[in-house]
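Protein chains in written order, with my numbering: chain Z, 1 to 307; chain Y, 1 to 307.
Since the hints were derived computationally from the structure, they do not count as laboratory data. Hints may contain errors.
Identical copies carry no separate label here, and so any pair may be met within one copy or between two of them.
Okay, derived cross-link-like pairs now, DMTMM-like style, lysine to aspartate or glutamate, Cα gap no bigger than 20 Å in a straight line [what the hints assert, rightly or not]: (1) Lys107 with Asp97; (2) Lys107 with Glu216; (3) Lys246 with Asp97; (4) Lys54 with Glu304.
Number of protein chains: 2
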Amino acid sequence: MSIRLTILGCHSASPRLNAFPTAQFLEIKERNFLIDCGEGTQVLLRKYKIQFSKIKHIFISHLHGDHFYGLIGLISTFGLNNRENDLHIFGPKGIKDVITLQLKLAKSWTKYKLFFHELENTSSELIFEDKKVKVYTIPLKHRVYTNGFLFQEKLGGRKLNIDAIKANPEIEICDYHNLKKGKDFISKEQNYTIPNSKLTFPPDKPLSYAFCSDTEYHPDMIKDIKNVNLLYHESTFLEDKKELTKRTQHSTAMEAASIARQANVGALILGHFSSRYDDLELFKEEAKTIFKNVSVAQSGKIFEIQN
Amino acid sequence: MSIRLTILGCHSASPRLNAFPTAQFLEIKERNFLIDCGEGTQVLLRKYKIQFSKIKHIFISHLHGDHFYGLIGLISTFGLNNRENDLHIFGPKGIKDVITLQLKLAKSWTKYKLFFHELENTSSELIFEDKKVKVYTIPLKHRVYTNGFLFQEKLGGRKLNIDAIKANPEIEICDYHNLKKGKDFISKEQNYTIPNSKLTFPPDKPLSYAFCSDTEYHPDMIKDIKNVNLLYHESTFLEDKKELTKRTQHSTAMEAASIARQANVGALILGHFSSRYDDLELFKEEAKTIFKNVSVAQSGKIFEIQN
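The following block holds chain Z by itself, in its conformation from the complex (with noise of 0.2 Å):
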């Protein structure tokens, strides 16, 4: 089992020529997500050779420009290619109304049909859940309504202990199925059973990146992100300019590193720079004081995790 994460925009507000707002493109147990949708997305996508077609669910954390203008040209693009899948779009209310006014306006309604799932819920929920993946909002705090999202793999089956199943010649291929789902094996003659733990692994524990941009220092969110592998948190500013945090509603390195040391994180991510720095290994080094697996966000840099 893998995470596998790549960050096509990683800055504040925005678009430069070698800066992009955010965007992430997440690829969790064959399931393809975006996660905002900053102008210039697109052309990102094409840069790292994503194809369009894999996305079938975007997720956008609130309707600040640097984190969704990118979503109508990325939806028009789409119906150009003439898509046929269907699209699930998540994100905070009103970005219904403002996409179709646009499709609207342009008389260019897509081919494929387009799901808004409008949020507006104060608390975490479930959103998506399918077979193998479900995905929680993490209710950030930021001058408009804003969420970040956790993706959970879900707990698979057990893993099959290949060596042990092949010194028990009656066990077929047909009976993997029961095992995986942690039954014993039973002889055809039902004169003896295995037990499943004998043929058996505990499955992979599931993996779970949690994605948090814009917020200010809100330990709130450290319930709704324990012990994930990645997180992914804002640091708009060093400690530096802590002063501008609040009316910004923003956080520092420093504090996105105290969020993942309270939630006990695996790995930390740093992103939305602010174009005032230069220099952004700044950004690692005043995490790292208090937080040590800390890496920088960079445009079509790739964070993979597995088991």
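Use these hints to put chain Y onto chain Z, whose structure you have.
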């Protein structure tokens, strides 16, 4: 007198790595106009070092995404940059709703004043005028309500013949204003007169630029662009794909050249190229068969015309 046009984006449909949708920056008589604003325009403005604060008037031809999805981002960036100057936006009815809805959802009203001039007239009309420049709409024929724009210098004052003036020491600098207005010089004692034609040259002939995108072949526009110095006319296709022009309501390079020829323009720029063509020189070759002075648009390319 001169007109200076910087091509920002000149491709149709979706933004790609090195192919951006329509946007142009026009300098005419110390006025600076942005024409159309596809996604990524603000990044191209930065790339070509065009100061954001220069832009006080934006003209949007129609509400297809490749002509205006960059507008909300640019308006927001102006806000982030603490812009104070008024901004005037000219575009089809509906443009105010879609921009203001996005500002409202983001709770990010601009501190500078934003004026919308919504267009719905299907005949050419004067939409901007100041001391030195006039702008008219050019009704086009496309799948949604679309205007091109005609930018015209106004006739300036007569030009001083400095040699002739210096030969008459009684003429003082304070007389220049009347001379430029075409008045004769009358000596202080009113005992002699010098005709204006001996002290001045005729004014420069006003220059004009017509922007026409997107449209199918539409000879009705010829009356609106007759004898302009410079014409940008879309050429989404070559004649090899002429069968697509009716459904999509776009033009071929040959059709653009035909319009240029019939309107007797000084020079033609082709743009809005479909992504199916790699070799843009083919557009020039096709158009050249019936109109000689033709160029292809290219991001960053500057076209300058002078008297």
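Evaluation of the provided hints:
no.: 1; hint: Lys107 with Asp97; result: both (15 Å within a copy, 16 Å between copies)
no.: 2; hint: Lys107 with Glu216; result: between (40 Å within a copy, 17 Å between copies)
no.: 3; hint: Lys246 with Asp97; result: neither (30 Å within a copy, 31 Å between copies)
no.: 4; hint: Lys54 with Glu304; result: within (18 Å within a copy, 45 Å between copies)
Checked against the numbered hints listed earlier, the structure breaks hint 3 alone; every other hint is satisfied.
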